[in-house]
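S.K.: Please build the complete structure, drawing on both the sequences and the hints.
2 protein chains.
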Amino acid sequence: MNAEIIAVGSEMLTPERVDTNSLYLTAELNKIGVEVAAKSVIGDDRERLAEAVRRAVARVPILILSGGLGPTEDDLTREAVALALDRKLLFSEEIAAALERRFAQARRKMAEINRRQALVIEGAAVLPNDRGTAPGQWVEESGAVVMLLPGPPHELNAMFERQCLPRLARIVPRLAIRTLFLRVAGMSESDLDQLIAPVYKKYENPATTILAANGDIQIHLRARCATPAEADALLAEVGAPIEALLGDRIYSRNGDPLEAILGGLLRQNHATVSVAESCTGGMLGERFTSVPGSSDYFLGGFITYTNAMKIEMLGVLPEMLEQFGAVSKETAEAMALGARRRTGSTYALSITGEAGPDPGGKAPVGTVYVGLADAAGALAVDRQFLGDRQRIRTFTTQMALDLLRRRITRA
Amino acid sequence: MNAEIIAVGSEMLTPERVDTNSLYLTAELNKIGVEVAAKSVIGDDRERLAEAVRRAVARVPILILSGGLGPTEDDLTREAVALALDRKLLFSEEIAAALERRFAQARRKMAEINRRQALVIEGAAVLPNDRGTAPGQWVEESGAVVMLLPGPPHELNAMFERQCLPRLARIVPRLAIRTLFLRVAGMSESDLDQLIAPVYKKYENPATTILAANGDIQIHLRARCATPAEADALLAEVGAPIEALLGDRIYSRNGDPLEAILGGLLRQNHATVSVAESCTGGMLGERFTSVPGSSDYFLGGFITYTNAMKIEMLGVLPEMLEQFGAVSKETAEAMALGARRRTGSTYALSITGEAGPDPGGKAPVGTVYVGLADAAGALAVDRQFLGDRQRIRTFTTQMALDLLRRRITRA
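Quick note, the sequences are listed as chains V and S, same order. Just so we're aligned: 305 in this note's numbering is position 305 of the first sequence, and the numbers increase by one with no gaps anywhere. Just so we're aligned: 213 in this note's numbering is position 213 of the second sequence, and the numbers increase by one with no gaps anywhere.
Not the full set, but computed from the structure, chain V residues with beta-carbon under 8 angstroms of chain S:
no.: 1; residue: Arg48
no.: 2; residue: Gly285
no.: 3; residue: Gly300
no.: 4; residue: Gly301
no.: 5; residue: Met313
no.: 6; residue: Leu386
The list that follows gives simulated cross-link-like pairs (lysine to aspartate or glutamate, DMTMM-like), each with its CA atoms no further than 20 angstroms apart:
no.: 7; chain 1: V; residue 1: Lys201; chain 2: S; residue 2: Glu112
no.: 8; chain 1: S; residue 1: Lys329; chain 2: S; residue 2: Asp374
no.: 9; chain 1: V; residue 1: Lys201; chain 2: S; residue 2: Asp74
None of these hints come from the bench; they were simulated from the model. Ideal Cβ positions, reconstructed from N, Cα and C, are used throughout, including at glycine.
M.R.: Structure below.
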């Protein structure tokens, strides 16, 4: 079953405002098995809004409008919906009296314009609002339902939860929904998709969503079935081959980010870690320490942005820097060994690279080396990333965290 | 002149995702005098999307679509727009070759599905994408223009700024718009508003917007007049009293962030800086080095997350840590002095604090100390921040950068 959501108000079309009501409504609708097929924000324009309502009602059985129920002339939702459904607006003495009482309670006189809020669409059920002046409305029209809800989130949330969800339960078929959530590192989105598409494309249910950002990929499989047992069985059926294909590139099954998963592994193994960063300038340390309790395993690190600092803080040999350059496998290994030696950590990660935008040395922009040192010695891996400075730096920290994660899980 | 914006992708209809591209696009459109009349998010549904495009093109002269240009079968924007405008999709050998080169640069083989990204709508101008694989498209249709832009914000922003705005300038009637853009540190949003509201509330034009995030406040005054001279005069009239009230709390008049402004001051003064970070774990170094060319003044730093590291890396005295604790004025000063001594930098900044969520020592969560050392010695200032771990850490780095900025500008 599908729904559409419309937020009403020209103020929602400024560069600063985001329609957060639709996020709340989407979460609540998804919980009862309703998908949001589209959402929009429409300014204070009666005809434009009426057109949008008319088309949405023809497409989906559930339409929710938020905002535009205030007392001013800009508040056009009531009129637009009445126009779209070709119904009258009726003045409700009952609502007007309730509004008068509300104002009296606050020892204020009700302004004449507030009487607009007592206009009800012919045939609509009124949804009382105990947190504000604008009552909501629930209108049924040839198999579809249109909800008019107030814009302020605390009013909308309470009204939707207490008055709309119980009514929706009578309309929406009961469904059990289960989600499988995987996070993957060390692959591009297109490589991953090519690998697993042959599996998930065979199924409409569960629905698969793939999200990629900053070298991190999230895979959501959402199964909707008549019973929880069926949904779980379906997820197992589709999830198993996907998990087999991705193997240990899957780092998280609970939604936790890579730095938290790696932190958990370090803690479990009573291991500690330190870092030595050049082009990322502290970003790797920042990610480790963004996790509460990271002091259990993160000791500290060195931001060695210049060659002199690499020599002094980490003991990298000047002749090595001279021979191989700062952006090299040899320097990455020496940095990791130096950080481990100076902090006494179980593991040390190092990063050196060319983040751009202008190349500083011989290496092309986007070249990075990540070093890893432990009791057995050091190794370094290199990659060539595309994109701007921030992207290259973020991808490199992701690569470093994943390198250590795999080292620990494969040990 | 009006525009509509459509974000494409079922993943944008989940409870977690917000279409931020439309905010950037709205800001840029408003600057050239174009208002956004409506915006929407539509899932991966070719017919639904084609219908929306058809109707939008009939309503407004500018339609911008973001997302859905990726290589997978879910990426339907190209096909939907072609369908809506009743045009063919043509395979471009040129784009395919450019994609192949891009993959070769990254030493990867292009997946077969990426060839979908070389499909161009008949008659469209191709907008090259130097930050990702998906090229954009610019299609003109009976007085309207339709732009197809990639979803990732850093790709969309660059493409819109460099390739769409110059083309739009030929279509949109000229209105002189001038913006005064101030960035302020070291104040809360409500304190700032109380101070300057009596000035800006008197004017509808220029329009004033105040945005606060992460301890940083941006003030935008936008004047729209018939001529540039009129707009400049109006901005001067309203801007002068605001600038006088804020004084040196204004750190930027060109939009540059604090780390870039401070970097410029350091470079001008032939000065260098190093950092010593505890609770921020590298975030201050990361901010310094996010600025291209920061190797001119940023030497490096120490992430001393444990007491042992503070002692070994920075020479903080164990008895001082014992007596005052790690989160103290004395420790902050000793950390800054240690970083300066060990790197030989002109200035050193240090951060120690309790970022939470659970208090680690005696200091309550949110207590932070920032130390500053230079040739004259060291000082430390403290603050108590509210909020979660990430907020406390971000505010603290902002405070540290601003402390050094004021030291240099007042010297």
